[in-house]
Amino acid sequence: MAKTFVEKVLARASGLAEASAGDVLDVRPDLIFSHDNTAAIRKLFEQIGAKRILHPDRVAITLDHAVPAPTTAHAQNHAEIREWVRLQNISHFFEVGRGICHQVISEEGLILPAEVIMGSDSHTTHFGWLGAFGMGVGRTEMASLWATGELWLAVPETLRVMLTGALPNGVTAKDIALRILRDLTVEGGQYRAMEFRGDTISTLSIDERPVVPNMMAEFGAISAYFPPDELLLNWLEGRAKRAFTPLYPDDDAVYAQEYALSVADLQPQVALPHQPDNVVNLADVVGTPIQQAFVGTCTGGRYEDLAMVADVVRGQTLRSRLIIIPASAQVIEQALQTGVLADLIRVGATINTPGCGPCMGNHMGVPAPNEATISTGSRNFKGRMGTTDASIYLANPYVVAASAVAGQIVHPSDINPTLTSKANTEGAHHANNA
Amino acid sequence: MQTTHNVHVYGHSVNTDVIFSGKYTYTLRENSEIASHALEDIDPDFVQRVREGDVIVAGRNWGLGSSREQAVTCLKYNGIRAIIAESFSGLYFRNCINQGIHPIVCAGLREVLQTDDTLTIDHTERVILANGRRFSIPLLSPSVQAILESGGLVNMLKARFAQN
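Note that the protein sequences, when read in sequence, are chains A and B.
In case it helps, our numbering puts the first sequence at residues 638 to 1071.
In case it helps, our numbering puts the second sequence at residues 4 to 167.
FYI, nobody ran anything at the bench for these hints, they're computed from the structure.
Note that this is a predicted model, so its numbers are computed, not measured.
Treat the hints loosely; a few may be bogus.
Taking lysine to aspartate or glutamate pairs in the DMTMM-like style, the calculated list, with each CA pair at most 25 Å apart, reads [as the list claims (entries may be wrong)]: (1) A:K1019 <-> B:E89; (2) A:K878 <-> A:E732; (3) A:K1019 <-> B:D46; (4) A:K1019 <-> B:E36; (5) A:K1019 <-> B:E43; (6) A:K1019 <-> B:D48; (7) B:K161 <-> A:E745; (8) B:K161 <-> A:E717; (9) A:K878 <-> A:E745; (10) A:K688 <-> B:E33; (11) A:K645 <-> A:E970; (12) A:K680 <-> A:E787; (13) A:K688 <-> A:E787; (14) B:K161 <-> A:E720; (15) A:K680 <-> B:E152; (16) A:K688 <-> A:D663; (17) B:K161 <-> A:D694; (18) A:K645 <-> A:E787; (19) A:K640 <-> A:E745; (20) A:K680 <-> B:D48; (21) A:K680 <-> B:E33; (22) A:K640 <-> A:D667; (23) B:K161 <-> A:E683; (24) A:K1019 <-> B:E152; (25) B:K161 <-> A:D663.
The whole structure should be built from the sequences, with the hints applied where relevant.
Here's what the structure looks like:
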């Protein structure tokens, strides 16, 4: 019988020949990970009565949500996590400054096409960009995974998304994600798996691809899959620590829903406060004053995001604060090598330690009441960045950068008429291959 | 068996950031501290008003957003016994089951109730009685039912590890 990607990948991870939507399986992930919430998970693990993590070689822990520690309480939390890593002999530990979990695990080649990864973080849908099944879980579920190596899961139905055409200049993968949210709303995912297909995918660079599956967490999808292509397989060469065989869905598999988007005419999209599906065309919100621009997070803090920002702000004077938090140390290194970092510093941007930063209101750029922030991140819920009296707008890196220059939301071409997203993408590929 | 509960009624798409704010997720550890911040950004009176055994009644897509489990436990530690919504975010639904809180998918209930009204759950008949009307409670799979009956995933595994 014809199968969707998620039916195939979950059957494989459950040791079954095949599975169908609706089957309840005991799934054994290839990698499980947590972050600053590890100490709290440890408490649950101890309540269970387990002594040792069953497969410490399949566990990754990244300190990223509040790094470097902003308060003594956060520092204490980190200290307990380091102790746990030693006690349990956990194989993959990434210290403060290495980067955001999803970015670091991707860079390290710890998860590969056709594999299953579960993380105690809702944006674990991210790993679909690698042709893997990535799913967010709760802390109790992570404690259970440490103890037993498996988790109950009903095989989801699948929503198939067809993306056709190439993005216009100045429009990015972020706009695809925002457009899907606009069309189908934050209720659209219904905990279904998503499968992307279509000729747009191969036109997206390595840095742009994760944006879409990552942000499908906002859509309410359980996972989101991009089919591996040559560009991805080349990128994985030298990174992959294990052999793998990509999985692809069957052509005649059964889908619960289909959605198609032609991206050739897509305009830059902006999510208005206070929900990620409150999305309009950029043109409809031009002129809105902002006090802070934030470039970072697992959604929008990769090298190309920084390069896009540099191409807008170079030689300009900023009229708002510009906070930049690269998604990983490798992103900083790449931006250093290409000169992008110097361009950003020269114009007055603040560069912070790789991590989640102010995204969920912890530190390093939280807004004042009645201030507006425009962000490359993925969440703009009321109070998300600390105070319920702040407004958060979500947009692509060009729009965020242009708005930092203008002190209000503007079209990037108003700041830099020569801007082309295509040139940036090609430049970044050279840097990636260097 | 029938039980009667006070209700707290909310709208559609109530997200995890307003149920339990992200700024507290890595520092608050004690149950009472976690409980004290429940729903503070959309319903500041909730923690004063709530009583042991109360239930939440909400609209569509309750609990969208983060995977943070405190968005369930902050209600549990305030005595909330069940969350009834027209639909749930998938992560939130799983977190409820794993915490031993029954997530009940039920449309139409929100329209006939206001905060501080009561409803009755008939556990044998699997129905909710409210304002003279009956609403059915969806069936859960045996594996999920077993987790709920153990009082959550930790308790279920505790029993399993104690046997070994």
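Taking the hints in turn, this is what the structure says about them:
no. : hint               : result
1   : A:K1019 <-> B:E89  : holds, 22 Å
2   : A:K878 <-> A:E732  : holds, 20 Å
3   : A:K1019 <-> B:D46  : holds, 13 Å
4   : A:K1019 <-> B:E36  : holds, 21 Å
5   : A:K1019 <-> B:E43  : holds, 12 Å
6   : A:K1019 <-> B:D48  : holds, 18 Å
7   : B:K161 <-> A:E745  : violated, 35 Å
8   : B:K161 <-> A:E717  : holds, 23 Å
9   : A:K878 <-> A:E745  : holds, 9 Å
10  : A:K688 <-> B:E33   : holds, 23 Å
11  : A:K645 <-> A:E970  : violated, 38 Å
12  : A:K680 <-> A:E787  : holds, 19 Å
13  : A:K688 <-> A:E787  : holds, 16 Å
14  : B:K161 <-> A:E720  : holds, 23 Å
15  : A:K680 <-> B:E152  : holds, 22 Å
16  : A:K688 <-> A:D663  : holds, 21 Å
17  : B:K161 <-> A:D694  : holds, 24 Å
18  : A:K645 <-> A:E787  : holds, 17 Å
19  : A:K640 <-> A:E745  : violated, 30 Å
20  : A:K680 <-> B:D48   : violated, 30 Å
21  : A:K680 <-> B:E33   : holds, 11 Å
22  : A:K640 <-> A:D667  : holds, 21 Å
23  : B:K161 <-> A:E683  : holds, 9 Å
24  : A:K1019 <-> B:E152 : violated, 35 Å
25  : B:K161 <-> A:D663  : holds, 18 Å
When each numbered hint is compared with the structure, violations occur for hints 7, 11, 19, 20, 24.
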